[in-house]
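The hints should help you fit chain B onto chain A, whose structure is shown.
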Amino acid sequence: MTAKTQTLAKNLAEQKYKYGFVTAIEQETAPLGVNEDIVRFISAKKNEPAWLLEWRLKAFHHWKTMSEPHWAKIHYPPINYQSASYYAAPKQSAKPQTLDDVDPELLKTYAKLGIPLQEQERLAGVAERRVAVDAVFDSVSVATTYKKELESHGIIFCPISEAVITHPDLVRKYLGSVVPMTDNFFATLNSAVFTDGSFVYIPRGVRCPMELSTYFRINAENTGQFERTLIIADEGASVSYLEGCTAPKRDENQLHAAVVELVALDDAAIKYSTVQNWYPGDKDGKGGIYNFVTKRGACRGNRSKISWTQVETGSAITWKYPSCILQGDGSIGEFYSVAIANNCQQADTGTKMIHIGKNTRSTIISKGISAGRAQNTYRGLVKILRTAKGARNKTQCDSLLIGDACGAHTFPALESRQPQARVEHEATTSKVSEDQIFYCQQRGLNTEEAMALIVNGFCKEVLQELPMEFAVEAQKLVAISLEGSVG
Amino acid sequence: MTLAAFITRSRREQEDWKYTDLEALLASTNKTFNLDTGFRRYDEDGDNRAYLLFLNGVWQSARSRFGSVPSCILMGDLESGYQLTLGEQTCLVAQPIEMVFETDSNAPAEIALKLSIDIGKNGRLTLLENHLPSNTITTIETDITLQSRAKFVHGKILASGTHLALHEVRVASGGYYNNFSLLRGGHPARNEINVTLEGEEAQAALNGIMLLRGSDHADTTTRITHQAPNCASRQVYKTVLDGKARGVFQGKITVAPHAQKSDGYQMSRALLLSDQAEMDARPELEIYADDVKCSHGSAIGALDEDAMFYLRARGLNETQARALLIESFVAETLDNVQVEAWRDIFRREIGEWAQ
Chain A
59 MTAKTQTLAK
69 NLAEQKYKYG
79 FVTAIEQETA
89 PLGVNEDIVR
99 FISAKKNEPA
109 WLLEWRLKAF
119 HHWKTMSEPH
129 WAKIHYPPIN
139 YQSASYYAAP
149 KQSAKPQTLD
159 DVDPELLKTY
169 AKLGIPLQEQ
179 ERLAGVAERR
189 VAVDAVFDSV
199 SVATTYKKEL
209 ESHGIIFCPI
219 SEAVITHPDL
229 VRKYLGSVVP
239 MTDNFFATLN
249 SAVFTDGSFV
259 YIPRGVRCPM
269 ELSTYFRINA
279 ENTGQFERTL
289 IIADEGASVS
299 YLEGCTAPKR
309 DENQLHAAVV
319 ELVALDDAAI
329 KYSTVQNWYP
339 GDKDGKGGIY
349 NFVTKRGACR
359 GNRSKISWTQ
369 VETGSAITWK
379 YPSCILQGDG
389 SIGEFYSVAI
399 ANNCQQADTG
409 TKMIHIGKNT
419 RSTIISKGIS
429 AGRAQNTYRG
439 LVKILRTAKG
449 ARNKTQCDSL
459 LIGDACGAHT
469 FPALESRQPQ
479 ARVEHEATTS
489 KVSEDQIFYC
499 QQRGLNTEEA
509 MALIVNGFCK
519 EVLQELPMEF
529 AVEAQKLVAI
539 SLEGSVG
Chain B
946 MTLAAFITRS
956 RREQEDWKYT
966 DLEALLASTN
976 KTFNLDTGFR
986 RYDEDGDNRA
996 YLLFLNGVWQ
1006 SARSRFGSVP
1016 SCILMGDLES
1026 GYQLTLGEQT
1036 CLVAQPIEMV
1046 FETDSNAPAE
1056 IALKLSIDIG
1066 KNGRLTLLEN
1076 HLPSNTITTI
1086 ETDITLQSRA
1096 KFVHGKILAS
1106 GTHLALHEVR
1116 VASGGYYNNF
1126 SLLRGGHPAR
1136 NEINVTLEGE
1146 EAQAALNGIM
1156 LLRGSDHADT
1166 TTRITHQAPN
1176 CASRQVYKTV
1186 LDGKARGVFQ
1196 GKITVAPHAQ
1206 KSDGYQMSRA
1216 LLLSDQAEMD
1226 ARPELEIYAD
1236 DVKCSHGSAI
1246 GALDEDAMFY
1256 LRARGLNETQ
1266 ARALLIESFV
1276 AETLDNVQVE
1286 AWRDIFRREI
1296 GEWAQ
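Here the protein sequences come in this chain order: A and B.
So the numbering used here is basically just the index in the first sequence, starting at one, shifted up by 58.
So the numbering used here is basically just the index in the second sequence, starting at one, shifted up by 945.
For the record, the hints were derived by calculation from the structure and aren't laboratory data.
Model, not experiment: these values are computed from the prediction.
There's no promise every hint is true.
[As the list claims (entries may be wrong)] Restraint ranges, calculated between C-beta atoms of paired labels, are given here:
(1) B/Glu1033 / A/Glu507: 53 to 59 Å
(2) B/Ala1252 / A/Gly515: 36 to 42 Å
(3) A/Met526 / B/His1203: 49 to 55 Å
(4) B/Ser1219 / A/Ser491: 44 to 50 Å
(5) B/Leu1261 / A/Thr240: 51 to 57 Å
(6) A/Pro127 / B/Asp1251: 44 to 50 Å
(7) B/Glu1250 / A/Pro261: 41 to 47 Å
(8) B/Gly1159 / A/Asp95: 55 to 61 Å
Don't be surprised by glycine CBs; every beta carbon is placed ideally from N, CA and C.
Chain A with its partners taken away, still in its complex shape (with noise of 0.2 Å):
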């Protein structure tokens, strides 16, 4: 290793977490541990329906006979499942019905996040494009925006604790439909436990006419953040929907365990994104979020398409593989990843593809780097029925080393049972040459702005597939990574 990239590996290794920040607030919690009474108690909080209670208990009672998963490829002391609290919201007497009602504190939380909850109003001539969102802090959803707009094209666009109570025939259908309750050991416990998350609804036929978003912010010290989101797309339906979070700084792992199901109808297209940048952790490993998401999309109708894009960033720990059931004839997955391990971040993730019905395509980009002390790895199935005439899939996995104490791994499977389908995989590891830095410095940037360049030269394949506005943003993300300097 030269000195050049001697230098930058240590930035990479001091980069600085710009959201580790605490918000002092007056919160209220649930006590330590999980149990049938906590389930009771958060399923209290929310007034929800027996049906769901019912839910939550069985899941959680099936959760008790299940034991961690161990075969990803990361390591960290036992998790205490008791040790942590479930449920944390910020005091408030009611409901806030409007922004006004929300607590200040709130408010200057999300803006130092950059988050707008303010609508804005439509400026004549000009077409600025708008993005609602739907704020979950902790354990409760504190604001949705853009909920009347929304409304009058027939969208349902709320907190699920909200959805369970106004559109209980929707979620009793799908929730769990996707992911089922028993599916794995996190997702179980989230099914038990789940707190928020949001709920949409786009209706036969309509194209939602802004982007969707939730932001979620971790805030309280010593809890778990477990979300839940549904997303149905009817016949005919689109949306776009982007998901962010953040949390503090500390020196203790925080669990977040979320599941996200997405459900396509015919000819319905659902385009999910994440920037995923939760507290990783200081140059030493300590702290940080352990990151055990199960995300899961099902093209249940014919021509449907369910396309992920994410951007990992954060948590000590991700282990995570949104995937795609393609049931429907024709219908089409997408995975683009970009996945950036720095420190003593650990990054397991990947997807799954499972070709049930004819002619169905999927795609998978998907694009590593590590730094520091780092373990990358991508890990993936694409599983060919023999139902799945004419499928075709496509895998590219690159992994990208900068300094000598880093790992990156590719753990693809393919599967095959029909003659009629193809099914390619290529992955190469590379490193950042010499001559490529020597090329850019040669036209006047510097080593960090040419290992930018060539870092989001590496990765554009994936930034492109994010909405506009969010593209931009991860494209500076990954810059400032690499930087060293704020972070």
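Leaving out everything else, chain B in the frame of chain A:
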């Protein structure tokens, strides 16, 4: 390693045996093969090539022929394992040795073979293992050690039957290990090759073809560990599946920390000829050093219909056209076979299978 030991292993390393459920496969095997194919050697031209015959796992020195190979090259017995040692500077390239493994009606239900091959500094060995059809469960554990700058060209042909092989290969600096395996069946067959490139500039090339039909189940599992800097490895595996056959390819390239300038390449491709067949591939990379060049590729598909049509239009019947395309599909790996005579043998075997 005995069958029982293999079963214990498969229970312990579940993830590595995910696609080859040994116990279930063994329980469902009841096929008997016709052994009456005669003794099929590949060097019957009467030249002075050497062959070593093993009947029911026991070496038959009287029926073996050494040619110009010193007869002390092989020692040992079934109990303690056979030892094949090649001294320093000994070169047996012009003298390929063929090991023929044959069973007859007196064979026990299970044969557990153990073989150690040790090649001294600058030694050169060319060895072909020829496993004839058998109704006996054969397990074979082979330890191979290559001293510095030693070269070993290792071939293997497996006709059919239940066959579990585990190779542990250690290559010292500048050494070169070349393996070519042709699996023509398996009930089940598992060919596991673990290579550790221990010294600088060590190299390994693993190539193989699996031709499977009926209820065949064959599994090729390779693990190459680049332990020292400047090592290179190449792997090309091709699988053709017909009937209800199931093929498994699992390959892992590991680059240890500080094994800089490692160069690893792996390609596995499979052809599915029937809609009952299944291919499972798991190509893996595990990299702990930054200045490396590693890539792998994997593809599963069917015969190209346009190519079929092209050949049919030129007067080939369907069987001929298919056979030609299958042969050309696997041909890439044959180019990596270093022994001219073997290439012909493999080509003939493939041709026979494809017809």
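Comparing the hints with the structure gives:
1. B/Glu1033 / A/Glu507: 53 to 59 Å: holds, 56 Å
2. B/Ala1252 / A/Gly515: 36 to 42 Å: This hint holds: roughly 37 Å between Cβ atoms.
3. A/Met526 / B/His1203: 49 to 55 Å: violated, 43 Å
4. B/Ser1219 / A/Ser491: 44 to 50 Å: Roughly 46 Å apart at Cβ, these two residues keep to the hinted range, so it holds.
5. B/Leu1261 / A/Thr240: 51 to 57 Å: holds, 54 Å
6. A/Pro127 / B/Asp1251: 44 to 50 Å: holds, 45 Å
7. B/Glu1250 / A/Pro261: 41 to 47 Å: holds, 43 Å
8. B/Gly1159 / A/Asp95: 55 to 61 Å: Hint holds: Cβ distance 59 Å, inside 55 to 61 Å.
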